[in-house]
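With chain W held as given, fit chains D and P onto it using these hints.
Chains as they are written, first to last, in this note's numbering: chain W, 1 to 418; chain D, 1001 to 1306; chain P, 2001 to 2362.
Quick caveat, the hints were computed from the structure, so don't treat them as lab data. All figures in this text were calculated on a predicted structure; none of them were measured in a lab. Glycine is no exception: its CB is placed at the ideal position from the N, C-alpha and C atoms. Be aware that a few hints might be false.
[Unchecked claim] Here are some chain D residues pointing at chain P (derived, C-beta under 8 Å): (1) Leu1021; (2) Trp1033; (3) Pro1036; (4) Phe1109; (5) Ala1113; (6) Ala1123; (7) Asn1139; (8) Met1274.
Residue strings, one per chain:
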Amino acid sequence: MKKSILLLIAFIFVFSFISVGIFASGGQEKTSDDGPVKLVVSSRLYSQPGEQQFLIDEIFPDFEAENNCVVMFEILEDEPLLKRAKFQKESERINTDVVIAHAGMMSDWIDNDYVMPLPVEQWTDRTFSKAFRGSTTKDGKTYFAPVGGDVYLMLANKKALPYLPEGADINNITWEEYIDWAVNIASGEGEGKCAVTGVPQKSLIYMYGGMFLSYGGEFPVINSPGAMEAWSLLAKMKDAYTPTVNTYENVSSPMKSGEAWLTVAHMVRCGEVYKSNPSGYVLAPAPKGPEGIGSIAGASGFAVVNGAPNEELAIKFVKYMTDPEVAVTIARGTGGFIPPIDEAIEKLGDSTEDEIIAQGINVLKNGVVAGVPSSEYTSWGAVKQVYDDAFQELILKKGAIDKTYLDEAQARIDALKK
Amino acid sequence: MDNPTGVLSREQKKKIIPYLLIAPVVIYYILFWLLPVVRAISGSFMSAPADEGGVFTFGNYTALFKDPVFYQALFNTAFIVLISVTLEFVLAFGLALLINMKFHGSGMFLFLALIPMSLPAVAVGAMWTSGLSTYGWLNSFLIRIGILNAADKIIFLGGGHFAKMFLIIIVDAWQVIPSVMVILLSGMQALQPEMMEAGYVFGGSRFKVLRKITIPLLKPTITTAMILRIIAAIQIWLIIVMLFGYNRLPVLLEQIVLNVDKYTGSEAFFRKGMALSVVVSLIVSCVSFLYLKVSGAFDEPAGKGV
Amino acid sequence: MGSIRRGVFRSVRKTTLYIVVAGIAMALIFPMFFLFTFSLMSDYESYSEWPKPLLPRIKVEFRLTPIESVDGSYKMEIWNNSEKGFTPFGPEENTRANKSLRKLSNFIRNYSNCFISEKELSEIMDSVDQNGAETFILKKKVFNNYTRFFTLYSGAAQSVLNSLATAAMTVFLSLSIGGLAGYAFARYIFKGKNVLKLSVLFVRMFPPVAIALPMVIILGKIGLYDKPVGLSLIYSVNQVSLSIWITASVFMGIPESLEEASQVFGASKIGAFFRITLPLAVPGLAACAMYSFIYSWNEVINALILTQFNPTFPVVVYRSLLGANAQVHLIAAGSVAQALPAIIFTLFIRKYILQMWGGVKV
Chain W
1 MKKSILLLIA FIFVFSFISV GIFASGGQEK TSDDGPVKLV VSSRLYSQPG EQQFLIDEIF
61 PDFEAENNCV VMFEILEDEP LLKRAKFQKE SERINTDVVI AHAGMMSDWI DNDYVMPLPV
121 EQWTDRTFSK AFRGSTTKDG KTYFAPVGGD VYLMLANKKA LPYLPEGADI NNITWEEYID
181 WAVNIASGEG EGKCAVTGVP QKSLIYMYGG MFLSYGGEFP VINSPGAMEA WSLLAKMKDA
241 YTPTVNTYEN VSSPMKSGEA WLTVAHMVRC GEVYKSNPSG YVLAPAPKGP EGIGSIAGAS
301 GFAVVNGAPN EELAIKFVKY MTDPEVAVTI ARGTGGFIPP IDEAIEKLGD STEDEIIAQG
361 INVLKNGVVA GVPSSEYTSW GAVKQVYDDA FQELILKKGA IDKTYLDEAQ ARIDALKK
Chain D
1001 MDNPTGVLSR EQKKKIIPYL LIAPVVIYYI LFWLLPVVRA ISGSFMSAPA DEGGVFTFGN
1061 YTALFKDPVF YQALFNTAFI VLISVTLEFV LAFGLALLIN MKFHGSGMFL FLALIPMSLP
1121 AVAVGAMWTS GLSTYGWLNS FLIRIGILNA ADKIIFLGGG HFAKMFLIII VDAWQVIPSV
1181 MVILLSGMQA LQPEMMEAGY VFGGSRFKVL RKITIPLLKP TITTAMILRI IAAIQIWLII
1241 VMLFGYNRLP VLLEQIVLNV DKYTGSEAFF RKGMALSVVV SLIVSCVSFL YLKVSGAFDE
1301 PAGKGV
Chain P
2001 MGSIRRGVFR SVRKTTLYIV VAGIAMALIF PMFFLFTFSL MSDYESYSEW PKPLLPRIKV
2061 EFRLTPIESV DGSYKMEIWN NSEKGFTPFG PEENTRANKS LRKLSNFIRN YSNCFISEKE
2121 LSEIMDSVDQ NGAETFILKK KVFNNYTRFF TLYSGAAQSV LNSLATAAMT VFLSLSIGGL
2181 AGYAFARYIF KGKNVLKLSV LFVRMFPPVA IALPMVIILG KIGLYDKPVG LSLIYSVNQV
2241 SLSIWITASV FMGIPESLEE ASQVFGASKI GAFFRITLPL AVPGLAACAM YSFIYSWNEV
2301 INALILTQFN PTFPVVVYRS LLGANAQVHL IAAGSVAQAL PAIIFTLFIR KYILQMWGGV
2361 KV
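Only chain W is shown next, with the shape it has when bound in the complex (with noise of 0.2 Å):
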């Protein structure tokens, strides 16, 4: 008899709650009909939650009060913000206006049609960065305005500086110094201690392609005579890597923990270590080659909906968000990005306390800098397993270097060509 008054305040339970969530729901949809309009913003940029509050209460209030409307920021990851796109197409239930998604990422959005070309031709008072043309525009037209450009760097842990080949000076190192520099302190603390993003699928591919940039190769041949020159040296690094660098999702975590304590990575990883410790890292731009410093340059980028309930002012807000004026606001304000537009980074000059900004703008104004040609290939995500494939094959299996290989890494990367 106990169990089954226990049984019914269970099932008395189970129903709240069902009355609970049907009514929430149905609650906040009544508001949503009145009040101002509703923009709203799906964003893959700005996720630490300092970047958000600054946005929120710094940067919205002005377009709010000029269009009577409230900016819904959300964030997300690339991938699910796709998946939502083709979602929302689908079921004819469109509410997201605007987008911001990855330079990697970009083809996918344009070749779906779930984002609208802009009016970039309008806003004369802007000129977007030329190294990101080849993810943002697709036949001429614009559908990405870039945003929180981004280049790499170099990370040290002082510890490791008295390997430093002699000679060397961190802030102007060739490739060839920063790998007799790994393999320094390889033989000499024993075990390797240099990192990459060795897990598949991650951005290993703009780390070496950066360095094959700086050899004159091209992004993204894997086996250019400038990339073979590269390769030829990366094959000493078998050992200078850590021994669980294939397992490294990013390698702001190794390099906290002292696991690794050198490497060649996107300014915003090694930003996060860096603040978290000043005093304990040397941060300094990528290393040069023969052509000088090489480095992919990563944007996100803003979009407007195919179909947005709000297009207009999706584009306003677009517009707004990319005005020199505010986009040095928000580079001072959040952490970390370069704002891709020539006009902005002017402004922004000299005057930036943010070493890893200047160290950025830097690369990014001095440097051999090559954009992510995504929209050119049928899939992304594909190229960059052959450059993963290529890391696990030649530098950690093998250490030395396979021209064969290499030449049917670049046919495969060719038959993924659109």
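Relative to chain W, chains D and P alone:
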């Protein structure tokens, strides 16, 4: 209902009742599940969506079967399933028997044993990546209690192919043993203690009673626990990706996710993923069917479990 | 003599039992203990010591020393347990300028979970000027990672309600329609039974990743976007099939003769079911409820797509952790916070899985 001229006789009613009981499930599945599955299956035989000029093709399957990674994934999955299901079943059964002894504090112990299965993926990922990394807590613990010297840390994640698989099996077992155990335990609870008592009265040893009485009585539950576990084990992928990333220890499900979610934008990869889904579901159903056949679940007389 | 020997034997057996139990419990708790420990640590503790500490610190020792070469500037140091000494902490140079003080105070808050105001810092600098160097101890805010999480995300409370509603509906759906079908499979012989039972299982066999999005799109078309009901309908797909199999096996274990016997004494068929069979099946039903609850509580992949302004709790945790790259202490706090309700639920439901009062006597 008790109208003698009612449309249905008592016999007919009895025949219809089971169908009525099952009907809600069938309707629910037809509404939400069947269409996507039919689409996925038919999609795996097309070169592109039909309205974009796709034609019927086996190309997706031939591409799949030509891919050496598929065979690696097949082997790895088979290996992991074989070992982990056996291991997990034995340990879970032991654990269930232990808890079923209802010793003082067994309720608390059950609660502890249930916690791993209630952890979300993010917790499991954080726990093991921070634990198994070379500078993680597992090595720290071993050094702090003096088992290891600080110099010779164990490189857990740097092992070879089979070391990786055993690591996955252990980590996976830690989380799923409770879920197997719960099914077995709930089955044991429904058994009448008199049956076992009778066994002891007639002089059976503990082991003999277990083998001759408990296990046969538990058979439906064991079958269920095993079949659910086998199906889930074949579909293992998330923990592998969290520890090693994609494509480093390929398994079947991880390859589907890779093709469908990671190689986005390409019709060929997407359809290869669909083809792989169909192949995986065929493999799972064959294995389950074989298991059910061998264990004799099909000849179970209804309601005569005792 | 014999009884003493038996007594000794029994107590030895009992001790062994408890040693085994304790050993297993340790193995189970061990990884979770570290996860919890991490969640109480600061950034500095969780990364800058090797070997890592096994327990979180409660107090942190700092030292402020003047930099000889530059007048009026100071160096902050923190005690490092593994190096048994002070190590540099924070900006390389700190001065009395307001900006520098604020930077230092923020740094101490963000990376050591200790709180010290700018004024206090400048007072310490004063005494450094007099005494050369100053060592001071601050109390660490042990639960800072958790409070940070809930103060930053104001929608967290509402999302917990959404999650609970979703979970309750999933449990209800899978127990009700799953239980009915399970009973049918256990008690009746009918045409197509084996085929049906296998096809129910097939629902779990088809890889969910391949059909998740199309399934969600169907829901979107019906208009169940951003609602707990919609989510629970998706979550139940897997859970119903599980419930059918578990309940069927449990009902099969309960002799039909018990029901028949009570019918002899005048109970109706339905009455017999509720009075005899259902109580015996409670452990199995409880297990099903637990599976459904846990699955629904933890699911995030579909929830990310299907919710926007009414997110479930895991979605809120997911979003908050997107920015917590390489901050394992925050990730640990988020995942412990997410796991806690599910753990409490298992604490509640375990009573029904393990019926301490034994089987129902007939």
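Structure-based check of all given hints:
1. Leu1021: Holds, about 4 Å.
2. Trp1033: Holds, about 5 Å.
3. Pro1036: With a closest approach of 4 Å, the Pro1036 (chain D) hint holds.
4. Phe1109: holds, 6 Å
5. Ala1113: holds, 6 Å
6. Ala1123: Holds - the Cβ of Ala1123 (chain D) comes within 8 Å of chain P, reaching about 3 Å at its closest.
7. Asn1139: Hint holds; Asn1139 (chain D) Cβ to chain P Cβ min 7 Å, cut 8 Å.
8. Met1274: holds, 6 Å
Violated hints: none; the structure is consistent with every hint.
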